[in-house]
Amino acid sequence: ATITFQNYFRMYDKLAGMTGTAKTEEQEFIKIYGLPVIQIPTNKPIQRKDLPDVVFKTKRGKYRAVVKEVERRHATGQPILIGTTSIEQSEELSHMLDVAKIPHSVLNAKYHEKEAAIVALAGQKGAVTIATNMAGRGTDIQLGDGVAELGGLSIIGTERHESRRIDNQLRGRAGRQGDPGSSQFFLSLEDDLLRIFGGDNIKKFMEKMGLDEDEPINSRMVSNAIQKAQKRVEARNFDIRKYVLEYDDVMNQQRKVVYEQRRRILEGENMKDQVLRMVDTIIEKGMQTYADPKLYPEEWDFAGLLKYSEKYFLAPGEIKLKEIEDMSREEVEDKLKTIAHETYESREKSIGSSMMRELEKAVMLKVVDSKWMEHLDDMDMLKEGIGLRSYGQRNPIVEYKVEAYDIFEEMQQAMMETIVLYLYHIQIRFATDPEEPQQAPEAPKAEDHLKGATAHYVDENSSND
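Heads up: the sequence shown begins at 1 in this note's numbering, then just goes up one per residue.
Under the rule of at most 16 Å between Cα atoms (straight-line distance), these lysine to aspartate or glutamate pairs were calculated in the EDC-like manner: (1) 256 / 369; (2) 231 / 162; (3) 125 / 149; (4) 204 / 215; (5) 68 / 213; (6) 383 / 403; (7) 335 / 318; (8) 335 / 323; (9) 383 / 248; (10) 59 / 88; (11) 285 / 334; (12) 337 / 284; (13) 59 / 91; (14) 228 / 192; (15) 307 / 325; (16) 285 / 330; (17) 337 / 273; (18) 383 / 399; (19) 256 / 409; (20) 307 / 284; (21) 49 / 149; (22) 125 / 145; (23) 361 / 260; (24) 401 / 378; (25) 59 / 190; (26) 44 / 140; (27) 242 / 25.
Restraint-style ranges between C-beta atoms, simulated for each label pair: (28) 220 / 381: 49 to 57 Å; (29) 240 / 88: 19 to 27 Å; (30) 148 / 87: 30 to 38 Å; (31) 401 / 148: 54 to 62 Å; (32) 26 / 244: 14 to 22 Å; (33) 20 / 240: 23 to 31 Å; (34) 388 / 295: 38 to 46 Å; (35) 376 / 12: 21 to 29 Å; (36) 401 / 114: 46 to 54 Å; (37) 12 / 337: 39 to 47 Å; (38) 388 / 178: 54 to 62 Å.
Hints are computed from structural coordinates only; laboratory data are not their basis. Note that this is a predicted model, so its numbers are computed, not measured. Even for Gly, the Cβ is constructed at its ideal location relative to N, Cα and C.
Make a model of the complete structure from these sequences and hints.
Written as structure tokens, this is what we have:
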């Protein structure tokens, strides 16, 4: 079974969270979870200086500028944390710092076992640390002696992320608990975010100014364009998550129904009444199919009705066609229900009431679980192809809801029919060794009945016997 994180979290009666970067996702929290975002003031005033972005034409020019900035700050002893978006980027920068003979540490997925030790030293005087966006998040980097006087920890970002939240996480590694610090992003028009979502206007602007790859542009206009690009990406990603959730909401309603059915079976002591109601429903369905009240009695197919009933509960030849030919529709239905109930009582008497109750629960659980798994596969297949309906000017979500309901109803019907088939046809045999001394039998368990049981019918709705 599968469930989205959103629906998993919404299963809780009480839901809350705490993070330092929720404000940028406020609308999503409200729309998906109905949760407001409350911003708590910092314990101490923030002293970190967030400097404007610096943009270059090429990645090569950007990396050279980063190395120069590291050299300048490292010469004063100020600790520096360089944030990258990938392991490859961190290794490329590490190589350039090696060439510049600047000692540094690399913190990425390759060296996760050293993460704690590297982060602990990142705020010491003269420390230079390269970290991917996943490494060391939320860690209080303690400043070493004399570092506050040098301006605190300097954060250098080498690329904007698709989400402002991750950028804020990088910035937030400096200036914690009122410490001084600074942050600045070094970008290029070749970065994924600018290349895909807004680099054209900036590129034209830079070409108009005649800047080469090593000349930066430090402009509020550029920073605003980058923020707009990030907001567009965030909106697109939110729409994708919302789209997935709309599909899962359909599954979630079905999931609740099936899980509630399963819970009632597990907690119920006597499922006999429910089984007999299933039998009555099957008989009523047969009457509707073979003796539709909208038709004339001469058009009713009682022979087909008997064959249908023999599939579920009626012994072959137990009722002859001539016995019911002259009966009314209501009399035939009552006769079938009476025989079905008497047959079930007879089976219970031969097996024993306690064993029958265990058998009912075991069979019902087995059928519900197997049919639910088949249903999940059917729903996956439906979801894979439903998007094509948009070419026919149809709303895929609406189409999905309609067809999902039909498939769910079919599954519920198949569950009911299979449960009745099992309980009326299953034969229980327990293997015993005559050479072993007979001991007092233990109370049988539900699963024991199914292990020693054989069913003499073919389930037309399943590939299994």
